[in-house]
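**Student:** The primary structure of each chain is shown beneath.
Number of protein chains: 2
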Amino acid sequence: MDLYTPEYFMNEALKEAKMAFEEGEIPVGAVMVCRNRVIARAYNQTEKLTDVTAHAEILAITAASDSLGAKYLTECELYVTLEPCVMCAGASFWAQLGGIHFAAFDPRRGYSNIKEGLLHPKTKISQGIMEAEAKQLLDSFFKQLRK
Amino acid sequence: MDLYTPEYFMNEALKEAKMAFEEGEIPVGAVMVCRNRVIARAYNQTEKLTDVTAHAEILAITAASDSLGAKYLTECELYVTLEPCVMCAGASFWAQLGGIHFAAFDPRRGYSNIKEGLLHPKTKISQGIMEAEAKQLLDSFFKQLRK
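Top to bottom, those sequences are chains A and B. Residue 1 is where the first sequence starts when you use my numbering, and the numbers rise one by one after that. Residue 1 is where the second sequence starts when you use my numbering, and the numbers rise one by one after that.
Hints listed in this document are in silico derivations from the structure and should not be mistaken for laboratory results. The reader is advised that the hints may include incorrect statements.
Heads up, the list lumps identical chains together, so a pair's fine if it works in one copy or across two of them.
[Stated by the list, open to error] With a straight-line Cα cutoff of 30 Å, these simulated DSSO-like cross-link-like pairs (lysine-lysine) come out: (1) K143 to K15; (2) K147 to K71; (3) K115 to K48; (4) K124 to K147.
On a predicted model such as this, the values are computed, not experimentally measured, just so you know.
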């Protein structure tokens with residue numbers, strides 16, 4: 001039995017998203033996986049760091065490059081609980097990410113709202129792993145925020 | 001006579017680009033201006049930091065938010081020597097930048113290659129200030145690199 005399934009890694013990303021939730025951040029989490037090993041973990045910290053660039057994906061890319069000592073992450077796969085925005089898609093392009101797996105769609109700010117290819121041609125995409133869980137966490141956050 | 005012209009600020013950005021050049025980085029520099037004051041300076045550090053996200057614009061946005069203690073930079077203008085890429089355009093969207101002034105076009109990786117509006121509707125754009133100087137610096141860098 002393979003422990004290291006996409007669900008396993010997305011669940012790790014969800015754990016990160018839950019940490020964001022607990023800290024009052026929009027709950028998005030990410031892990032970077034290289035050869036079946038999680039080499040970086042991050043969650044959205046835009047409020048804590050007062051920095052719009054502190055999305056989970058950007059922090060995960062920076063941390064993964066630091067861990068590997070390499071700018072290009074062609075053998076890495078990013079698991080992220082929400083569809084990346086344009087900024088993060090652009091970052092993944094520069095990193096030449098091997099793959100991106102995201103859980104929930106972001107119909108307003110997701111990169112796929114832009115018709116043309118923002119991603120690197122080498123970056124494989126999958127969507128929908130643990131989508132319900134990721135979406136539920138986001139919905140709870142915004143419901144609480146609006147109270 | 002107004003000292004604080006767009007040329008003045010772009011020249012400050014060019015000074016940053018020259019620092020990048022001297023450190024063997026692709027020479028792109030940026031300054032963030034708020035009410036006629038430079039509140040952040042940065043140059044491309046992707047090689048030094050082994051981090052594709054360390055573009056001058058991203059570093060300038062992070063530093064400006066740090067300086068102001070604010071995530072949104074609606075009263076700030078970014079002067080940058082090269083047209084921002086998709087990642088940086090996306091970051092400027094989240095920051096709701098008041099304006100972006102860039103010197104040289106980036107015909108391959110500039111955000112304006114993407115037809116749809118990547119920028120925040122509030123962000124005013126100008127192009128071409130000191131374009132020749134910025135382009136010449138980039139051309140020298142790549143010429144030297146190919147030797």
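**Student:** The structure should be examined with respect to each hint, and the outcome stated for every one.
**Tutor:** Hints versus structure:
{"no.": "1", "hint": "K143 to K15", "result": "within (20 Å within a copy, 48 Å between copies)"}
{"no.": "2", "hint": "K147 to K71", "result": "between (43 Å within a copy, 23 Å between copies)"}
{"no.": "3", "hint": "K115 to K48", "result": "neither (32 Å within a copy, 34 Å between copies)"}
{"no.": "4", "hint": "K124 to K147", "result": "neither (39 Å within a copy, 35 Å between copies)"}
Comparing the model with each numbered hint stated earlier shows that hints 3 and 4 do not hold.
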